[in-house]
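Line by line, the protein sequences are chains A and B. Here the first sequence is numbered in numbering that gives the first Met the number 0, starting from 0 and rising by one per residue. Here the second sequence is numbered in numbering that gives the first Met the number 0, starting from 0 and rising by one per residue.
Incorrect hints may appear among the rest.
Stated by the list, open to error - Okay, derived cross-link-like pairs now, SDA-like style, lysine to any residue, Cα gap no bigger than 20 Å in a straight line:
#	chain 1	residue 1	chain 2	residue 2
1	B	K29	B	G70
2	A	K210	B	D408
3	A	K14	B	N386
As the list claims (entries may be wrong) - Now the stretches of chain B that chain A is said to cover, found in silico as 3 or more residues with beta-carbon under 8 Å:
#	stretch
4	329 to 342
5	448 to 458
Calculated directly from the structure, the hints in this document are not laboratory data. C-beta: ideal position from N, C-alpha, C; glycine also.
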Amino acid sequence: MTAALSKHFKIISGKPWIWAFAGAFLVWGATILYTGGTGAGQILSAALSFATFSVIVGIGQMYVITLGPGNVDLSIPATMTFAGAVSMKIMETQDAMILPGLVIALLCGLAVGLFNYGLIHALRIPPIIATLSSSFLVQSSAIAYGRGLKIKPPELLAEFTTARIAGFPLLAICVILLAAIMSVVLHRTVFGRSVLAIGQNPRAAALAGVKVDFIRLATYLQSAVLAALCGYLLAGFSGGASLNMGAEYLLASIAVVVIGGTSVAGGFANLPGLWGAALFMFLLVTMLNTFGLSAGIRLLLTGVIIVGVITLAGGRRD
Amino acid sequence: MLNALEPFITVDGVGKNYGAVQALQSVDLKILAGQALGIVGHNGAGKSTLISILAGTQMPSGGELTFAQSGISLPGYKVDQAQAHGIRCVFQELSLCPNLTVAENARILHPAIRGVGWKARARRLISDKLDEVFPGHGINPDDEVGDLSIAKRQMVEIARAFTKVDSPIHLIILDEPTSSLDAIIAQQLLTHLRGFVDQGGACILISHLLEEILQSSDRIVVMRDGGVVDDRAARDFDRGTLVEAMGSVAKEKDEARKAAKARQQESEALVSIRPAQQSDGRRLQAFSGEIVGLAGLSGHGQTDALIDVYQQKRRDTQGPAKTVPMALVPGDRQVDGVFPLWSIGMNIVIGSMRQLTRGGLINPQAEARLCEDWREKIAIRTPDMNNNILSLSGGNQQKALFARALASDAEIILMDDPMRGVDIGTKQEVYEMIREEAGLGRTFLWYTTEMDELEHCDHIYVFRNGAIVADLAGDEVTEQRVLHASFEDGAEGGKPEAKGPEAKEPEAKEGTAS
C-alpha cells in the first residue's frame, strides 16, 4: 500500500508540470460550473490562443533561467515591441513582404541578443541589469522608429495568426510542436545538456569540457529571437504593433517558467509545464472575471493561487 | 604566568576521524610554558587538526586535554574556553573580516572593549601591539582590512593574537605565520615570539620552512600520518634528520618501475608548458603514454599548471597538444565535478556527448551502453546507473568522475589530486586502470599530495611557489628527494638565511617596513 503510494508519488514528483495542468483544469472546471457549462469550448479556445504567446517567450526565458542563479532576460517585452514595430513597418501591410518581415523581426531579435550578451560577457554586468538596461534602449528605439503609430499587419499574416481548425487555434498547434522540439533539444542534444550542466555547476561544466561562454551566448540569443518571433506574431494577431504590446509578457515569461515546475535555481527544466502554466494563468484570470470580483480581490487571489501552485510544484526539490 | 617548563596543556591520546578517515590518531603531547614548540610534517600529517583541537574549533573523537590550571576539560571544550584559558591562534587561512577596519577586527577578539569610546581603545590596543611586534609597520588602525596587502593582513592577524585586555595569554599557536612575510618582518616576529616565550609563555609554531623551525623552536615534534613520530629538543635535529623523520623510509620500488622508460627527448612532447611563476627555462613536459606526476606541498601551483594545460594556455611551443582532446578529473568533487541533479549515467556521459551524437541527437541506446560498460569496467557500486549521483558514496562518485574522463576520447587526462578521501580499495582499482590506460597510449598528468601515488609516475615535477624546482625521473624518484625539493632550497642543502625564495615574492615586498 505505502509502496504503491510512494510509487505514485515518485511518478508525480518526477513530473512537476502536472501541478500546472491540474491547476489549469481545476480553474477551468470552476469557471464552467459557475456558468453552468456555457462557453466551456470558447474559453478553452481563447486560452489556447493567448497562452501561445506566453509559451513562445517562456521557452526562451526557461532556457535562460536554467543557466543558473542570476540568469534572466528582462528585455523580452522591449524586444517584442521593437521586432513587432520594425517588421510591421517594413511589411507595410503587403502580403508579399510577410517572409522578409519575419526575417527582419528575427534579425532584430538576434541583434538584441548579441547586445545583451555583449553587456553580460564583455562588460561583466549581471544579466538582470544588462537585460533591463538594454530593454530601455530597445524600447526607445522602437518608440523612435514607430513614432507610436499602430501599423496594421498584412492581411494574410492576420489571418494565419487567428486561424482555427475545428475551433483549435492553428498557431497553438505550431507552438505545441515548437515546445515538443525544444523539449528534445533540451534533453537530447549537446546544447540542451550543456545548459542543464551549466545551471547545476558552471565550474564543473567548464572542467567537463562544456563551452560555457558559447552556450550562454546561444541561450541569450535564443531568448531574444523567440521574443522577436513572439512580437511579430502578436502584432499579426492583435491587429498591429503597439508600443506597450510586450508589457504583460515580462511577468508572464517568468511566471510560466516557475509555475511550470522549472527550477529557479537552474539546472532543471521542462517544456510541458510552460503550456500548463500559460493555460493556468489565462484561465485563472478568466475565472475571476467570470465570478465578477472586483479588481482588488482579483489581483489578491491571483497572487495567492500562484504562490499555492508554485509551492506544490516546488515541493519535489528537497 | 606559569612556571617555566611546567606543562600548560597535556594532550592525552587525542584522536580525530572524519568518517572513515583517521586525521589524528591518539596523540600524546605536553605543551610546556616557556618553550617554543615547533611542529613539522607534510600535508595531511595532522598538524592542522591537532591545533584546531587545541583552539577548540574541532571536537576530538577521543582523548583528553588537561590544563595545568583547571584540570581535565573534555568534552565540551570550545573556542570560548580556549580563549578563557589564554590560548590564541593565528590560522593559515587568515580569519580577519575584510570589510572591517583593523581596529574593528581587534575589537572582535575582545568583547571586554565596550561602551563609549570603544573604537579609540581598540585603535590604541592594536596600534600599540603592531608598533611593538613590527616596528615601522606602516599600518593605520582605520584601514579597512580588505585594502591591505596580504603581508599586512598577516601582520595584523599576528599582532591581534598578541593583544591582551583582561585575561593573560598563555599559549600562542602560529600556523605558517611567515608564509607571506618577507625576511625582515619574519625576523621581527620570531624575535618577538622569543621574548614572549622567555617571559614564560608557551608557543606552537608550524612552518614548512625548516630553517625557521630549527632556529626558533626549543623542541620539535614531527608528525606523520596523523601521529607523532618524533619529539626531541631542537638542537638534536638538523635539516637532514628532520626531513628523514617526516617521510616514511623510501620504499624499494618494484622492478618494473626501476626500468622506467627513458624519455625520448628527440620526439616531440605532447604537453609542454612553462608555469606562470617559472623564472628559469624549466618546462612541464609530458610525452605520449607517460604518467607524469606533479608533486610538492599542496597549493604551490600544481592545480594552476593543470588548468593552464587544460585551457591550452601558455603553450609557447607548437606542440601537437593544441588539437589533442583532454579531460580533467577534479579533486574537489562537489565544487568542480558532480552535477547534483543528474543521474550517475548523465554525469558520466557529459564527457562524451559528441561521440554519442547521431544526426544532432544524443543516441539513448549508445548512452545506456556506455554507462553499463563503465559500471562494469570501473565497478561503480550501484544497482542502476539512472540513480542520482548523490546516492553514491564519495569514493564511487569519484569513480564516476574517472569514468567521465576515461570514457571520453581524451588522449591527455589531467588529474587534480583526485584521490582525496577515497578509500584504499578504490585507490588500488584506479591505479591499476591508470597504468592500463597509459599502456594503451594515454597520457596522464597527475597532481598528488600523497607520496605513495608518486610511485606510479614515470616522471615527477616538484612544485614550489608556483614554479618547478625539481624534475625527477625513474630511479631519482624517492620520497626524500621530493621532500627535499618541496621545502626551501632543499636540493641545494639550504642557505644560511632563515628565508629563501619567499622573500622575493612581489606580494611579500609590500609588507616591507616603509
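Do the hints match the structure? See the list:
no.: 1; hint: B:K29 x B:G70; verdict: holds (14 Å)
no.: 2; hint: A:K210 x B:D408; verdict: holds (16 Å)
no.: 3; hint: A:K14 x B:N386; verdict: holds (16 Å)
no.: 4; hint: 329 to 342; verdict: holds (count 9)
no.: 5; hint: 448 to 458; verdict: violated (count 0)
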